[in-house]
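Using the sequences and the hints, build the whole thing.
Sequence positions in the sequence shown follow the UniProt record's numbering and run 1 to 310.
Because the hints were derived from the structure by calculation, they are not lab data. Do not take every clue at face value.
Stated by the list, open to error - Keeping only pairs whose Cα atoms sit at most 20 Å apart, straight-line, the calculated EDC-like set for lysine to aspartate or glutamate is:
| id | residue 1 | residue 2 |
| --- | --- | --- |
| 1 | K204 | E191 |
| 2 | K165 | D59 |
| 3 | K308 | D213 |
Since we're looking at a predicted model, the values are computed, not measured.
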Amino acid sequence: EPSRELTAEELWAIGNRGVEYAEAYSPVMGRRESMLIARPKDPALRDNAPTIYLLNGLDAGTGWFAYTDAAEFYTSRGVNVVMITSGAFSYYTNWIQGPDQWDTFLARELPAGVEQYLGANGKRAVMGVSMSATSALSLAQNNPGVYDGVASISGCASTTSPLGKIAADAVFASAHIPLTFEDVWGDPNGEYARSYDPMLNLRKLSPEFQGKDLDLFISSPSGLAGMESLTTGNIVDPGNKDLAFNFVTIGGRIDLASNICTHVLHQRLNARGIDHDARFYPQGTHNWNSFHWAVADSWPTLSRGLGKQA
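Right, here's the structure in full:
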């Protein structure tokens, strides 16, 4: 989905928190994509800083900025932050049909331009939540050596298994345009679809395939509601009873599924001897109230690849 104009309120909030709005042109997609960028708070740390790329969930937007302290957290630790705000329902992947070629844009086109602009040092991590939890893994697998750290939060690493395809189909069914699994990856049993299924390509996360160590963090809540999903603890829209009800009922079912997927991923990574850190929360449903935990919890892992102290 192409970038959209930000509202006056959003622009005010961005400027007030030391974040800038930017767009980057993608030659492979023939259009501009939007993002929010933040530099290290300490001017002395801005030259040659590492960069973390934050991918959004199915509806893209400014979730990382609006509902987490990611910008402040990373910039206070000497890390550039690039929050992608377009790409709704795209899975941030290279579609077999249509113009969307997000894998190429994010891993091959964007870093050269944005990191030159930031004066970055070439060390980078990528973090995805929900839909893009899958994307973060796939980006690293399909672009060996590009990333130093990956975090996959509250998603399903499989896309062609029965459970994985249900999750993917749910994303596509939510799109504002007619969109199917076949439009994005073709036949679920075909070679193209399987090449973009992270669970089927775990060997590509190994140091041998990457050509270096890849610091990997995965996490998922249980799907059981805690205070963060209820009316009083909800950071998305405090006091909204209908939203809290949706967090508990719909969000609970989604994270029950993502929890199963993430446990399977954890077991298979262990079976392959691929080092990673995993965090399973006893409570939490599928919303930003839970996603924001990953910012701090993944830092001991991602900081290694980014060359920063935890």
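**Prompt:** Going through the earlier hints one by one, which of them does the structure break, listed in rising order?
**Reply:** Those not satisfied: there are none.
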